[in-house]
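There are 4 protein chains.
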Amino acid sequence: MKETIIRRITEVPLEDPILIEGLPGVGHVGKLVAEHLVEELKAEKIIEVYSPHFPPQVIVQDDGTVKLVTNEVYAYKGDGRDLLLLVGDYQSATNEGHYELTGIFLDLAEEFGVSRIYTLGGYGTGQFLDKPRVMGATNSLELVEEMKEYGVVFQENEPGGGIIGVSGLMVGLSRLRNIDAICLMGMTSGYLVDPKSAQAVLKVLCKALDIKIDMQALEDRAKEMEKIVGKLREMEKSQMGYESASDDDLRYIR
Amino acid sequence: MKETIIRRITEVPLEDPILIEGLPGVGHVGKLVAEHLVEELKAEKIIEVYSPHFPPQVIVQDDGTVKLVTNEVYAYKGDGRDLLLLVGDYQSATNEGHYELTGIFLDLAEEFGVSRIYTLGGYGTGQFLDKPRVMGATNSLELVEEMKEYGVVFQENEPGGGIIGVSGLMVGLSRLRNIDAICLMGMTSGYLVDPKSAQAVLKVLCKALDIKIDMQALEDRAKEMEKIVGKLREMEKSQMGYESASDDDLRYIR
Amino acid sequence: MKETIIRRITEVPLEDPILIEGLPGVGHVGKLVAEHLVEELKAEKIIEVYSPHFPPQVIVQDDGTVKLVTNEVYAYKGDGRDLLLLVGDYQSATNEGHYELTGIFLDLAEEFGVSRIYTLGGYGTGQFLDKPRVMGATNSLELVEEMKEYGVVFQENEPGGGIIGVSGLMVGLSRLRNIDAICLMGMTSGYLVDPKSAQAVLKVLCKALDIKIDMQALEDRAKEMEKIVGKLREMEKSQMGYESASDDDLRYIR
Amino acid sequence: MKETIIRRITEVPLEDPILIEGLPGVGHVGKLVAEHLVEELKAEKIIEVYSPHFPPQVIVQDDGTVKLVTNEVYAYKGDGRDLLLLVGDYQSATNEGHYELTGIFLDLAEEFGVSRIYTLGGYGTGQFLDKPRVMGATNSLELVEEMKEYGVVFQENEPGGGIIGVSGLMVGLSRLRNIDAICLMGMTSGYLVDPKSAQAVLKVLCKALDIKIDMQALEDRAKEMEKIVGKLREMEKSQMGYESASDDDLRYIR
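Chains as they are written, first to last, in the numbering used here: chain F, 1 to 254; chain Y, 1 to 254; chain A, 1 to 254; chain H, 1 to 254.
No lab work stands behind these hints: they were computed from the structure.
Mixed in with the good hints there might be a few duds.
Stated by the list, open to error - Computed list of lysine-lysine pairs in DSS-like fashion (alpha-carbon distance at most 27 angstroms, straight line):
{"id": "1", "chain 1": "H", "residue 1": "K223", "chain 2": "Y", "residue 2": "K2"}
{"id": "2", "chain 1": "F", "residue 1": "K45", "chain 2": "A", "residue 2": "K45"}
{"id": "3", "chain 1": "H", "residue 1": "K42", "chain 2": "H", "residue 2": "K231"}
{"id": "4", "chain 1": "F", "residue 1": "K2", "chain 2": "Y", "residue 2": "K45"}
{"id": "5", "chain 1": "A", "residue 1": "K212", "chain 2": "A", "residue 2": "K77"}
{"id": "6", "chain 1": "A", "residue 1": "K212", "chain 2": "A", "residue 2": "K237"}
{"id": "7", "chain 1": "H", "residue 1": "K77", "chain 2": "H", "residue 2": "K212"}
{"id": "8", "chain 1": "Y", "residue 1": "K2", "chain 2": "H", "residue 2": "K212"}
{"id": "9", "chain 1": "H", "residue 1": "K148", "chain 2": "Y", "residue 2": "K67"}
{"id": "10", "chain 1": "Y", "residue 1": "K42", "chain 2": "F", "residue 2": "K2"}
{"id": "11", "chain 1": "H", "residue 1": "K148", "chain 2": "H", "residue 2": "K45"}
{"id": "12", "chain 1": "F", "residue 1": "K2", "chain 2": "H", "residue 2": "K2"}
{"id": "13", "chain 1": "H", "residue 1": "K203", "chain 2": "A", "residue 2": "K45"}
{"id": "14", "chain 1": "H", "residue 1": "K148", "chain 2": "H", "residue 2": "K207"}
Said to hold, decoys possible - Anything over 10 angstroms on all C-beta distances counts as not near chain A; from chain H, calculated:
{"id": "15", "residue": "G78"}
{"id": "16", "residue": "G162"}
{"id": "17", "residue": "R177"}
Just so it is clear, the structure is predicted and the values come from calculations on it, not from any experiment.
Glycine is no exception: its CB is placed at the ideal position from the N, C-alpha and C atoms.
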């Protein structure tokens, strides 16, 4: 196995599908949204991608069996809009792997006639936010205008460090193939898995796709997470003295 | 030498052999078991694998000659069950090498008509255990049930970090080739070479293969190691004060 | 995308052009000079180079759109001397990538009939200099003599650590293709972007090319930078005590 | 330049030559010996090897010109024994590069009909030695016996960490091509360039090759180095107190 392997599982005829990418990243925001969509829409797994660029390990599952590290494509044949959903356990462990895998994902996008891509991620701010906003970065000026209507925020030169990994490269490289693409980034502390930020991203995505998705599962996870964050804040207050504690800055948690 | 080289040394006709992998890893548990089998069964070396993914060095032997870093396959033609034994000095030094070499080993497995693979390793617990158990992770649910009969333990999502290296990848990737595979992991402190844990793994393996193996050599090494561990524990007690010393936690030894 | 991609944007017929490289490096001296030339000469972008050896990320621009990491070639068709200008966001993130990309740039140089190459960079001294000099290193003894006339300094075995990256490799590898090449290095502290050092390099380059370039933009940036450096020096003095403060050694600023 | 390049400079007809490798390594012992031989024998450069596995930089020379990082082969056509001498600025910067380059050097050895290889290096002991001995490791038992006659020391399993880099791999990989090879390692502190250790290795080599080489240049460098080592020892004594100072242990110098 010297090369990346694309394993086709089943065929689902799709019409003009939109591709949504949600691989692991900051606050696992993109992963939470994309996996939530897969579950709620009962999307069907159609492709598995194996690669020597992934970490050389297997994941042990609840039932005692193992699972190779993969990136997977799910298909959803809806009444209205058809979707392709890209999810996975890890991103590439090498620089070159990010470019190669993004190229493979865009080959698949072209094969399915995808004309628009949403990549989903988190934008780490170092602070716990009560109302996380959703930032955007696109590969076309028209998309900037369109996305502002759905409440997406565009800030000059933000994120300053650029967008690293598949979420960024897909938006950049899809331009060379004339596919419109936008990266939606939920603001998040960057310290913890963040289902609240995922909810914010999902709301924007639902508006943009004009679909309805039950959010109860994300809501429940967000509430659990709130409790953990609440405890962390309390610990912080008691450690630092009540007065001086900054309520929302938990930068020291990693 | 830009590519991995497979050097065939001799041919041994085998019938429906089982492949057993024991390369270096946690506590060298898998290596101890597989090399013990090679010696006790007087298995014959049939293949040497050289690779630019191995560390760029040679090993100096007792007689003043050097030995390239290799992974090697030994064949055992028994009365009952034929075996292929995979042993070696090192695993790959690169991520991609783990995938490539595992692919090469599975090509060989297919060539020999292997229908089942046992990969052997250690599972580091951070504690010295008097009766090390053997954990398992498989690529088929039927194997989980079968292995429980031999005393193999399956715990939900354990090992939590997955199984890294050839032992894990072989179990995962062999599924794509319809070969049953199980990883047997002897629990071990993770700090020292552990022949006692190797004995525990070997006992399970003998039951599963329905073969008998003299264990005296492992027994002797285990007793030597017991003495070393005993001394370490004493040192720990005298350092920490008799009362407070945790008897089995030697996490600080590396 | 497993390979470096050369994307041709437009064709500009050039006569015996000179190639000037100014990619990011110490003090961004080379980048400042080359980008200043692109702007002042209104040079036209003719080639974009994408590579899996670049960092796997995109840059977010002012208007909310993203830009892939590229190296770019601009063409200037002048009254006198035609120029090719090589600029970019990043150099290769891998060792091998430096060699590959330099090879690609020299292929392009040969294609355009380039007979001389100037590579531009900074030479970090650890000190703020009022009158930064320009050091040189060439691939022909004739060029050493010629460049001394323009005020370029050659010091035995300097820089002692050699010249790392594309600026060095282009000078070395172009010898194998019989192209004359020189690396011009503006002395700079190495701690900050240094437009003053860039001015010094540009002056030498203008003499060597016998062209005139307005330097106001660099002048303005240099003045801004002077203020920042001034403040840093003051901070240093107040921290260290006025007497003992070394006026030009700000090695601790990174 | 994605591949290693072999550049032939001139042809020298050699009869049954012996290959001597002396690339940079511990104490630069091998490099000192091989370069001394090139100079004393006035050997002629016949091959330059360039590789993307070398560090991506150029070396600036005394005259202001640059030099690519290379490994080079020199030929010596003697009255008696013909020699090929392999020297260079750096070894590979990557693991895989060590294997690839060693393969290339052995291809050249086969092309020239080499039947024996000497690889030269240092063996770091952590101590300054007045009479450094020369250790050996070979790829044939006959060579062990032969080399003992020239005073080469063989110690069980020494060096314990194996022999890293081209010096080790050449001895190991040449066995697969039926070429006899031995690595001669001069014992050295490992902290400083060591011409005295180089002299010891050269003496063994001269006996083995039955040639005479003037050693004055190495002698002179060794004397200079003695003075530096002497000063270091004095500094050590004054720091640690005269009585307690260990006379030959300067492990703290790097």
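Going back to the hint list, which numbers does this structure go against?
Numbers 1, 2, 3, 6, 8, 10, 11 and 13 - these are the hints that the structure violates, sorted from lowest upward.
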